[in-house]
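K.L.:
As a plain string of letters, each chain reads:
There are 2 protein chains.
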Amino acid sequence: MAKGLNLTMLTDFYELTMANGYFETDMANDIAYFDMFFRKIPDGGGFAIMAGLEQVIEYLNNLSFSDKDIEYLRGKGIFSEKFLEYLKGFKFTCDVWAVPEGTPIFPGEPLVTVRGPLMQAQFVETMILLLVNHQSLIATKANRIVRAAKGRGVMEFGTRRAHGASAAVLGSRAAYIGGCIGTACAISERDYGIMALGTMAHSWVQMFDDEYQAFKKYAEIYPNNCVLLVDTYNVLKSGVPNAIRIFKEMKPEKMGIRIDSGDVTYLTKRARAMLDEAGLQDCSIVVSNSLDEFIIRDVILEGACIDSFGVGERLITSKSEPVFGGVYKLSALEKDGEMIPKIKISENVEKITNPGFKAVYRLFDKDTNKVIADVITLDGEEIVEGKPYEIFDPQAVWKRKTIHNFYAKNLRVPIFKDGKCIYKSPNIDEIRTYCKEQIETLWDELLRFENPQIYYVDLSQKLWETKHKLIEEHQNF
Amino acid sequence: MAKGLNLTMLTDFYELTMANGYFETDMANDIAYFDMFFRKIPDGGGFAIMAGLEQVIEYLNNLSFSDKDIEYLRGKGIFSEKFLEYLKGFKFTCDVWAVPEGTPIFPGEPLVTVRGPLMQAQFVETMILLLVNHQSLIATKANRIVRAAKGRGVMEFGTRRAHGASAAVLGSRAAYIGGCIGTACAISERDYGIMALGTMAHSWVQMFDDEYQAFKKYAEIYPNNCVLLVDTYNVLKSGVPNAIRIFKEMKPEKMGIRIDSGDVTYLTKRARAMLDEAGLQDCSIVVSNSLDEFIIRDVILEGACIDSFGVGERLITSKSEPVFGGVYKLSALEKDGEMIPKIKISENVEKITNPGFKAVYRLFDKDTNKVIADVITLDGEEIVEGKPYEIFDPQAVWKRKTIHNFYAKNLRVPIFKDGKCIYKSPNIDEIRTYCKEQIETLWDELLRFENPQIYYVDLSQKLWETKHKLIEEHQNF
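Residue numbers (our numbering), protein chains in the order written: chain A, 22 to 498; chain B, 22 to 498.
The hints are simulated quantities; they were obtained by calculation from the structure and are not laboratory data.
Please note: incorrect hints may appear among the correct ones.
Each pair may be met inside one copy or between any two copies, as identical chains are not told apart.
Stated by the list, open to error - List of simulated lysine to aspartate or glutamate pairs, EDC-like, C-alpha gap at most 16 Å:
id, residue 1, residue 2
1, Lys363, Asp230
2, Lys387, Asp400
3, Lys340, Asp64
4, Lys238, Asp116
5, Lys356, Asp51
6, Lys363, Asp231
7, Lys483, Glu403
8, Lys269, Asp297
9, Lys408, Asp465
10, Lys238, Asp47
11, Lys237, Glu45
12, Lys372, Asp281
13, Lys237, Asp47
14, Lys408, Asp303
15, Lys356, Asp230
16, Lys275, Glu241
17, Lys269, Glu298
18, Lys97, Asp212
19, Lys258, Glu368
20, Lys89, Glu106
Given the sequences, and given the hints that come with them, work out the whole structure.
P.N.:
Printed below as a string of structure tokens:
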């Protein structure tokens, strides 16, 4: 949460037992490749959104074991002194590639790859998963909600229901990447530049002799941005009439009302009519009560008169599906300069991993700039622009299609080289804009909340062959 | 997450606009009371568990605005210089009462009450909610899972799926309070004394020429606690036979196998038979694949042979219900030494708040030490042991019952007096033991995972009358 925190010890304990184990077996410096990828898009959606990379970079930059950590580990009585001595001088020296934040992502794609000494590349598993899983979850959910709002602003209002401090702060960061316009959380603005918003709670209204006085005081103090909460007593009989009276008397620069309970469609239609009748067409209506993408879609379809939404618990916890199931798997080893691809077999075909050091290309139609498919290749394979390229379904290889008139984009960028960060994170607004632009390249059929088209994530012929050769070898084993 | 962090600015922005508003209207130092309570038990359970108080105390002890905070707030252009000057010297001076951690809690009960200058008592809303909501959610979920395991150990294994760093660390703390025996998360042991456990991932097994070698190396390095992951290739054909071979050859002090995939009931029965046949009755079986209270209950009913469970994402996110809906409401004001109870009316009867400064008593049967009912009273009311006491259903007042032979326990303790902490948090093991003991006082009917009996949370006659007088006044208004 707080920037600059050393989270080295925020790790599954088995990363430490394995690290010591590799140290003791002289395997610590074998060169290994690990891929982080996910298998299922939350909420049955058509795509997810990559987020959390900036915090991964920060984590890796701060990796080091303090004396307190060493002392704690020594107390466990299972680690060798030689190993503990090594940890004292631990330095992260791996290479890292990753998909930039804000990119639409699909199951099976290596989002982060770490190459380096086995012990290190294994050790960073827990935090890479934690950080990317969390923020990708929230960015993906936020984007669903933002799309449901059809251009109306969506504010992240969930701080009080977040799973702890970092869930609140980095959750609002991820929500902003996904398209929210701001947050209720002040520290997210101070530390991450995400606009923080908010005016009053019901208790403000209750503190005054009556609602009119409460609104009046507020408008006196905040004449520039006067959003009044109108549902403390009765929205239509008391809240809206008092707000109208204040707006006419005090003429605040920016006027709004917020409704936090009741039948949103009915109340906002009636409130809009009352405001318009009073000549207050400029007064905006904000709604904020247990919203999600489905409720927002429905009330808009019903003709609710809403200018913006404040979305709380269902966004900040991704309530309908609070888990982003990213995993981190060994994909290759280097031995004497030779690359040895590794596979993890499973009875469940979809759980078999893609072996080797890979790249991910996204192919776009040259005329429309819309996506055609993603192709996972082995490192070093080229997809030449202008040259016809055959893609095929890796589960049903007879389904083949040759595509022309496309351009290919390598989805991943180098992040660390020999433990040194060589990537500069874009600022949060650049990430948010990039995310929006990239989503515009997706087919409409991918944007459905339910039953979207399944996007093509194909394997190159070479990767497919490598994979199936390993599967065969395993079967003969 | 990290202890000692200043989270003052982790607040909904409206707490700041209201604070400045109260400052500007000379109401900042009016004495107000706020109650934190919740309305609905997650997962349709019979009770929840209070957790997060230690972090609330830490938060309140660290409350102060830094120069950076002031600078940020000044940049918003809406706060008066006088107010910002005041924030520089801000000192928390409120009184706080709370239900101790580990206590079974029920809807409507004031879990935390803050009394003090309006501006302060309002300001701390966001973080009190965030901290108590999060940890109570996880403690409650963990306890369901622990109860399903019927005495078998449950380890918290969810770090990688937690919503950020504090969700991982404080989540494992809450899970421990709820009855887990340990966590995968190393930093939770270093900082909170919760036993951290873990041995190997699939990648360890993949790194060696074969499974036998991988197990052998592990057993050499960790002869005291050798839990082998047996499902990398094939549990029954390869994993268990290799583990048996190692256990017989190496005779580690503590032996176990872990199964992380497949049909848990079938595999553990077969594995147990194979282990027993090899004379390895001491070898324990750990299972860890997408578990929750229902799956654990079912596999035990099916006769699965499991000694302990590792539970990940469904515990650390409380996946089936990831929101604990605690709220924070104004309940009273003091004016010229007189107590003025405040109420928040709602069309939904259950959402009407309980006014006034209150106490919560839990009544126990003297013979059985089982709970009878909780009674919320106004402060200062006495429930005299030995004297018959009439309780009644506050929604259906004709349902009355006089109880005898009981003793009453005041559920809440003073935490802060004039801004000074006067409470010493028990250590985490004391909290965990207290939680277990308190759950033993509950009726069996409250322990059901679904359709539990609804526990009685009654109001004293005096509080009921105060509440209904205010409701009537509001209706005439």
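K.L.:
It remains to establish, for every hint, whether it holds in the given structure.
P.N.:
Evaluated hints:
no. : hint            : verdict
1   : Lys363 x Asp230 : between (72 Å within a copy, 12 Å between copies)
2   : Lys387 x Asp400 : neither (24 Å within a copy, 73 Å between copies)
3   : Lys340 x Asp64  : both (10 Å within a copy, 13 Å between copies)
4   : Lys238 x Asp116 : neither (58 Å within a copy, 28 Å between copies)
5   : Lys356 x Asp51  : within (7 Å within a copy, 73 Å between copies)
6   : Lys363 x Asp231 : between (71 Å within a copy, 13 Å between copies)
7   : Lys483 x Glu403 : within (11 Å within a copy, 80 Å between copies)
8   : Lys269 x Asp297 : within (12 Å within a copy, 84 Å between copies)
9   : Lys408 x Asp465 : neither (27 Å within a copy, 71 Å between copies)
10  : Lys238 x Asp47  : between (72 Å within a copy, 11 Å between copies)
11  : Lys237 x Glu45  : between (72 Å within a copy, 13 Å between copies)
12  : Lys372 x Asp281 : between (44 Å within a copy, 13 Å between copies)
13  : Lys237 x Asp47  : between (74 Å within a copy, 15 Å between copies)
14  : Lys408 x Asp303 : neither (55 Å within a copy, 64 Å between copies)
15  : Lys356 x Asp230 : between (78 Å within a copy, 13 Å between copies)
16  : Lys275 x Glu241 : within (13 Å within a copy, 71 Å between copies)
17  : Lys269 x Glu298 : within (12 Å within a copy, 87 Å between copies)
18  : Lys97 x Asp212  : between (37 Å within a copy, 14 Å between copies)
19  : Lys258 x Glu368 : between (63 Å within a copy, 14 Å between copies)
20  : Lys89 x Glu106  : within (13 Å within a copy, 39 Å between copies)
In this structure, the hints that do not hold are numbers 2, 4, 9, 14, in rising order.
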